[in-house]
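Just so you know, the sequences run in chain order A and B. Note that our numbering numbers the first sequence so that position 178 is 178, with each residue one more than the last. Note that our numbering numbers the second sequence so that position 130 is 130, with each residue one more than the last.
No wet-lab data here; the hints were simulated from the structure. Incorrect hints may appear among the rest.
Capping the alpha-carbon separation at 27 Å, the derived lysine-lysine pairs in DSS-like fashion look like this [said to hold, decoys possible]:
#: 1; chain 1: A; residue 1: Lys140; chain 2: B; residue 2: Lys20
#: 2; chain 1: B; residue 1: Lys179; chain 2: B; residue 2: Lys139
#: 3; chain 1: B; residue 1: Lys331; chain 2: A; residue 2: Lys140
#: 4; chain 1: B; residue 1: Lys268; chain 2: B; residue 2: Lys278
#: 5; chain 1: A; residue 1: Lys17; chain 2: B; residue 2: Lys331
#: 6; chain 1: A; residue 1: Lys19; chain 2: A; residue 2: Lys76
#: 7; chain 1: B; residue 1: Lys20; chain 2: A; residue 2: Lys138
#: 8; chain 1: B; residue 1: Lys269; chain 2: B; residue 2: Lys91
#: 9; chain 1: B; residue 1: Lys382; chain 2: B; residue 2: Lys213
#: 10; chain 1: A; residue 1: Lys104; chain 2: B; residue 2: Lys20
#: 11; chain 1: B; residue 1: Lys258; chain 2: B; residue 2: Lys93
#: 12; chain 1: B; residue 1: Lys243; chain 2: B; residue 2: Lys79
#: 13; chain 1: B; residue 1: Lys331; chain 2: A; residue 2: Lys104
#: 14; chain 1: A; residue 1: Lys76; chain 2: B; residue 2: Lys331
Note that the structure is a prediction, hence the values are computed from the model and not measured.
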Amino acid sequence: MDVIRINGMIKDYNLGKVKVRALCGVDLIIRQGEFVAIMGPSGSGKSTLMHIIGCLDRPSEGSYFLDEQLVSELPKSELSQIRNKKIGFVFQSFNLLPHLNIQKNVELPLMYAGMPMRRRKQKATEILDSVGLLDRLKHKPSELSGGQRQRVAIARAIVNDPSILLADEPTGNLDSQAGGDILEIFERLHKAGNTVIMVTHDAAVAKRADRVIHIMDGQITNGNLAG
Amino acid sequence: MAISLGESLHIGFADIWTRKVRSIVTIIGIILGVMSIMVVLAIVNGMNKSTMDWMQARGGLNKIEVERNWQYDFSKGGKAEFTLKEIDYIKSKIPEAVAINPKVSEFGLELARGEQTFQAQVQGVVPDMTVVDEWDVGKGRFIKDMDVRQFNDVVVLGSRVASTLFGSRNPLGQQVLLKGQISAGGPGGASGMQTLKTQTLTVIGVMQEKKMKAQGGQSAFGDNPLEYMNRRAFIPLSTMIWKVNPALAITSLELRAKDPTSAVALRKKTENIVLNLKHGKRLFQIVSAQEQMQQMKQSSMIFTAIFILIAVISLLVGGIVIMNIMLASIKERTREIGVRLAIGARRRDIFLQFLVQTVMITGLGGVFGIALGFSILNMVGKYLDIQVAASLQMIWVALLVSVGVGLIFGIMPAVRASNLDPVIALREE
Ligand SMILES: Nc1ncnc2c1ncn2[C@@H]1O[C@H](COP(=O)(O)OP(=O)(O)O)[C@@H](O)[C@H]1O
Ligand SMILES: [Mg+2]
Chain A
1 MDVIRINGMI KDYNLGKVKV RALCGVDLII RQGEFVAIMG PSGSGKSTLM
51 HIIGCLDRPS EGSYFLDEQL VSELPKSELS QIRNKKIGFV FQSFNLLPHL
101 NIQKNVELPL MYAGMPMRRR KQKATEILDS VGLLDRLKHK PSELSGGQRQ
151 RVAIARAIVN DPSILLADEP TGNLDSQAGG DILEIFERLH KAGNTVIMVT
201 HDAAVAKRAD RVIHIMDGQI TNGNLAG
Chain B
1 MAISLGESLH IGFADIWTRK VRSIVTIIGI ILGVMSIMVV LAIVNGMNKS
51 TMDWMQARGG LNKIEVERNW QYDFSKGGKA EFTLKEIDYI KSKIPEAVAI
101 NPKVSEFGLE LARGEQTFQA QVQGVVPDMT VVDEWDVGKG RFIKDMDVRQ
151 FNDVVVLGSR VASTLFGSRN PLGQQVLLKG QISAGGPGGA SGMQTLKTQT
201 LTVIGVMQEK KMKAQGGQSA FGDNPLEYMN RRAFIPLSTM IWKVNPALAI
251 TSLELRAKDP TSAVALRKKT ENIVLNLKHG KRLFQIVSAQ EQMQQMKQSS
301 MIFTAIFILI AVISLLVGGI VIMNIMLASI KERTREIGVR LAIGARRRDI
351 FLQFLVQTVM ITGLGGVFGI ALGFSILNMV GKYLDIQVAA SLQMIWVALL
401 VSVGVGLIFG IMPAVRASNL DPVIALREE
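Please construct the entire structure, taking both the sequences and the accompanying hints into account.
Now the structure itself:
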């Protein structure tokens, strides 16, 4: 089954008078359970693509089917629910809420999904346990190392059982040791059946993926299934 | 599925707690505004209540008084006096009056029992006085029609007069002497005084004591502003005019209407009758307690309006301050909003989060304002000695107002927060 099917996608940014075309005609298919790495030089449109796949943004043109649903036509108000139910996003800069302890951070997607307090505490605890942070539940993000923070972010991304897990340079801010740990978690999640899409600069990382997609100047140059 | 109001309150409380100092600073305007609303309402309520108490003690809102018009230029002729015939005429013209009490006063007299004397205001009255003033005897009986018809030498003492002359003994049936100076006629007793031939009076009753709590410090008679009434003594009108001082005329008249509403009409009617009787000269002024009360309420309303306006302005300023602080806070928290949107918060959730937070902050300001207001009212009541009347209703008004300010001034920041583009918000450092 195709989790993601993108056809003729264009994304323009309007900068006053100038128009920046970040993506120019992207076609992409990603299958259920694949581990896909996306590589490309800085400014080539990787993040833009990830944002659209993650329903944080909408394409200027083209169609995007997520789980057979045409999400590129959905109004913004419905995208938030898609993000909540189907997408798990891991950022380079962790993006945890600094005032909340890590348990509360992980609970957030469940809260927005409407899960009652007690159940979501329990679920957040289980997930944090699975990434090895059970003894840090009440710690604030600032009290953790970079690698630990990224593990919290992964826990938050997967807590609501999303269809796809998106990671935009998740090891970019980490040393190689911590980065290795994070990659291991992604591999584990992939082996457990999750669809993982990861942007990375590291060819060694890309090697572990099922497939590597190369992007250049807003176009996919290599690695597409559809060909 | 959006998050519940409960979740928003929870988030709001956590946010406020993390930013305690800022939250407190934010609500100072609201605290002051709510506090002043509380204090003003309580003081105005208290003033109205004590005015009302005063009116009630003096006969209530049904009462109408006909008295010498001090604004009238008496050199143009005429006397502010009624003859008994005129009183009868007025009576016949206003059958709707429940009671009528023509009244004559002497100030230079004293009552004596043995060595004990008391400088009392002696009034010649009719039985209707108890109805007009809603004031009856506490002991014995009041003056009856028979006493007036037969010019009886009887007296009803005010409670102070009785206690001074008789102490704890029973004054009923005892004799007292009436002596001293009487005015010798002419307008306002201007033609000098002469000595009264001492009269012997039998005490038939003692009035109930009149009492109320003083407002704004001490009155002339200590802490009971009604004490002057306890220093009166009443004798039949006829006895006063025919036996004590034939030079006296009836200088004032008290009426009682059926109810406060009809008192206004009765006042106007009586005014016309008296004016005709005195050939168009305004020798008397005629006031109804009801209209006095209304006037007082009106002037206190103006007072209230001015202070409410000040309070509203401080609330508006407070609201604008809060709005700006919330806007700044949202700018600071752009990334947080981006993260929340990225993990599934809907625009509605973000809107609610910030609106609820603003309302919680102003509501908290309201609670502090109410607390501060109460402690100020407490001090005002204690040190300035004026009556304040705080009510539960005022607490609701204050709370509602502060929550309202939060709702009004919270909308704009909340809309701005919920309209953030998640991609741009996440890029924010
Ligand atoms: N919000 C934006 N407004 C304007 N231009 C943007 C915006 N986001 C990205 N771009 C531009 O689009 C292009 C692709 O950016 P991005 O997707 O972030 O690249 P990458 O992640 O591969 O480094 C770049 O030229 C970037 O400047
Ligand atoms: Mg990027």
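Do the hints match the structure? See the list:
1. Lys140/A with Lys20/B: Holds, because 18 Å separates the two Cα atoms, which is no more than 27 Å.
2. Lys179/B with Lys139/B: Distance ~24 Å between Lys179/B and Lys139/B Cα, so the pair holds.
3. Lys331/B with Lys140/A: holds (22 Å)
4. Lys268/B with Lys278/B: Given that 27 Å is the threshold and the Cα spacing comes to 15 Å, the pair holds.
5. Lys17/A with Lys331/B: With Cα atoms ~26 Å apart, Lys17/A and Lys331/B stay inside 27 Å; holds.
6. Lys19/A with Lys76/A: holds (22 Å)
7. Lys20/B with Lys138/A: holds (21 Å)
8. Lys269/B with Lys91/B: Holds, because 12 Å separates the two Cα atoms, which is no more than 27 Å.
9. Lys382/B with Lys213/B: Holds, because 13 Å separates the two Cα atoms, which is no more than 27 Å.
10. Lys104/A with Lys20/B: Roughly 20 Å between the alpha carbons, so the hint for Lys104/A and Lys20/B holds.
11. Lys258/B with Lys93/B: Distance of about 16 Å is within 27 Å: holds.
12. Lys243/B with Lys79/B: With Cα atoms ~22 Å apart, Lys243/B and Lys79/B stay inside 27 Å; holds.
13. Lys331/B with Lys104/A: At roughly 23 Å apart (the allowed maximum being 27 Å), Lys104/A and Lys331/B satisfy the hint.
14. Lys76/A with Lys331/B: holds (22 Å)
Violated hints for the displayed structure: none, as all numbered hints are satisfied.
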